[in-house]
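Visitor: Listed below are the residues making up each chain.
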Amino acid sequence: MSKIQEVKEKVEIGKTKLVPGLVQEALDEGSSAADILQAMVDSMGIVGEKFSSGEIFVPEMLIAAKAMAKGVDVLRPLLAGDTTNSLGTCIIGTVAGDLHDIGKNLVSMMIESAGFTMVDLGVDVPAERFVEAIKENENVTLVACSGLLTTTMPALKEAVETIKASGLDVKVIVGGAPVTPEYAAEIGADGFAPDAGSAAVKAKEMVA
Amino acid sequence: MLTVKENLKEVMTGGNPDRFVKQYEFLQMIMSVPSGRIKPQIGEEVINEWGITIRWPEGQLASFPVHDEQHVVLKDVTEWKKYVKAPSMERPEGAWDQAIADANAVDRNNKYVAAFIAPGLFEMTHYLMGMENALMSFYEEPEAMHELIEYLTEYELDYAKALVENLHPDAILHHDDWGSQISTFLSPAMFEEFFLESYKKIYGFYKANGVELIVHHSDSYAATLVPYMIEMGIDIWQGVMTTNDIPKMIKEYGGQITFMGGVHSGVIDHPEWTKEQIEAEFARACRESGKLYFIPGACQGLPVSSFPGVYEACDEAIEKMTKELF
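Going down the list, the protein sequences come from chains R and X. Counting from 1, position 83 in the first sequence corresponds to residue 90 in our numbering; the numbering is continuous, with no gaps. Counting from 1, position 244 in the second sequence corresponds to residue 245 in our numbering; the numbering is continuous, with no gaps.
Mixed in with the good hints, there may be bad ones.
[Said to hold, decoys possible] Derived DEER-like restraints, expressed as beta-carbon distance ranges:
1) R:172 - X:278: 53 to 59 angstroms
2) R:35 - X:37: 53 to 59 angstroms
3) R:192 - X:209: 35 to 41 angstroms
4) R:125 - X:158: 41 to 47 angstroms
5) R:192 - X:60: 26 to 32 angstroms
Hint data in this document are derived by calculation from the structure and do not stem from the laboratory. All C-beta atoms in this analysis are idealised placements derived from N, C-alpha and C, irrespective of residue type, glycine included.
With the hints as extra help, turn the sequences into a complete structure.
Guide: As structure tokens, this is what we get:
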């Protein structure tokens, strides 16, 4: 088995201690940093699919993402300035009045694994803050808004409307327990995902 | 007409109940127990009995543990012995008097004297170190997690001992959320490995010491954990969300466990709540799940609602369904 294939497999099963060494070995074998990164992105795509289908659970997804992050650390000096794998910047946050961060963090991790640069605004984010962040950061292609409470659904709507009203050229994806595809469409979001794995797939589609 | 307790037993044994059980009507919660829990009021931040910072911001429905770098209690689970110190079980003279008086005032023929226990073992792991760290630690540091959970179990058993000695509860309502709305947090195999034996010890202790009814709250998806719930001695799983396919679970496990819930609090318990919406939700739940092994209720973990009037409106909606279906 090639080292790059081994990297892919070990990321998928979250071997956080083995992946950095394997990435180095793959580089030593002559694989390019970009190819190794792509292998890890593909791996996380499989992880996301397995999570969405209920085959694996949050811990498995977390350690896979951690394994990838450790692999990326090895590649980072070689990738500096190389944007070929970047899908742009994604601004993410949980909307105003809502303090839930676990789901948002999982989505952030998976979207990052898909190839985006993440800017996490945290929780309880006012609608205007999303717009400010789009203006403050370079190459923002996507904004991801999370809302976990029925009572904060109006804040989700306000966030989407405010971003859209700003006229900035970004796509908006929404999600969270009470959010349905119908509600997402009703409030003017460009996309919806029911879980972190699907969010990564949808995010890629939306900026393609 | 059956008493509240008799009617519940008919529901749980597949007998002949004469009405739907109205949510928590069978439990008389004794909230005056000197639990030692330190909880914030709305707008407050406290450091609780385990050293965990808990914040309840204005406008939120519940409090949250704070897990930023500055506040998290346990940064590295392998060092849990250094940072995790169980609260003292000592109580001042007379601390139990009110709770005992409240329990004595209950007609035990009609209702179960019930003690409230929260957070549970799984919740404690993420209260102490944050959800992501806790979940990764099950993989990365399983031995330390086993040790930590054993320590938390010993504390729960000490607390259980104090409860049965002083209060003699007939029931407990024990919280531990094991999943999100759509999935369990852990795989069933991992749940079994880390939590089954501990809960068998805890719930087994209660059962061996006069507690007739174990009610476990997990307002989540957890259908795949039901066999473990049965094995650990849970009589009623409370907080059952509709994502679980309740009718299917009743068919498969009815007689071994009773399911309480079927209506999502988030759907009915909000500032613009209406009687009509509540009635529609309970009509659906009662028709779908039927009269046996099912207790209609919102998924809220205590006999309360977030917005005034909702809990009572739920009871009325259940009464309406009793008139229609019994």
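Visitor: Measuring from beta carbon to beta carbon, are residue 172 of chain R and residue 278 of chain X in 53 to 59 angstroms?
Guide: Once the Cβ atoms are compared, 31 angstroms apart, the range 53 to 59 angstroms for residue 278 of chain X and residue 172 of chain R is violated.
Visitor: Taking 26 to 32 angstroms as the stated bounds, is the beta-carbon spacing between residue 192 of chain R and residue 60 of chain X within them?
Guide: The hinted range 26 to 32 angstroms holds for residue 192 of chain R and residue 60 of chain X, with Cβ atoms some 28 angstroms apart.
Visitor: Could you check the hint for me, namely that residue 35 of chain R and residue 37 of chain X are 53 to 59 angstroms apart, CB to CB?
Guide: 57 angstroms, holds
Visitor: Taking the Cβ atom of residue 125 of chain R and the Cβ atom of residue 158 of chain X, is their distance within the range 41 to 47 angstroms?
Guide: Cβ of residue 125 of chain R to Cβ of residue 158 of chain X: about 43 angstroms, so the range 41 to 47 angstroms holds.
Visitor: Measuring from beta carbon to beta carbon, are residue 192 of chain R and residue 209 of chain X in 35 to 41 angstroms?
Guide: With a Cβ separation near 55 angstroms, residue 192 of chain R and residue 209 of chain X fall outside 35 to 41 angstroms, so the hint is violated.
Consistency note: the structure conflicts with the earlier hints numbered 1, 3.
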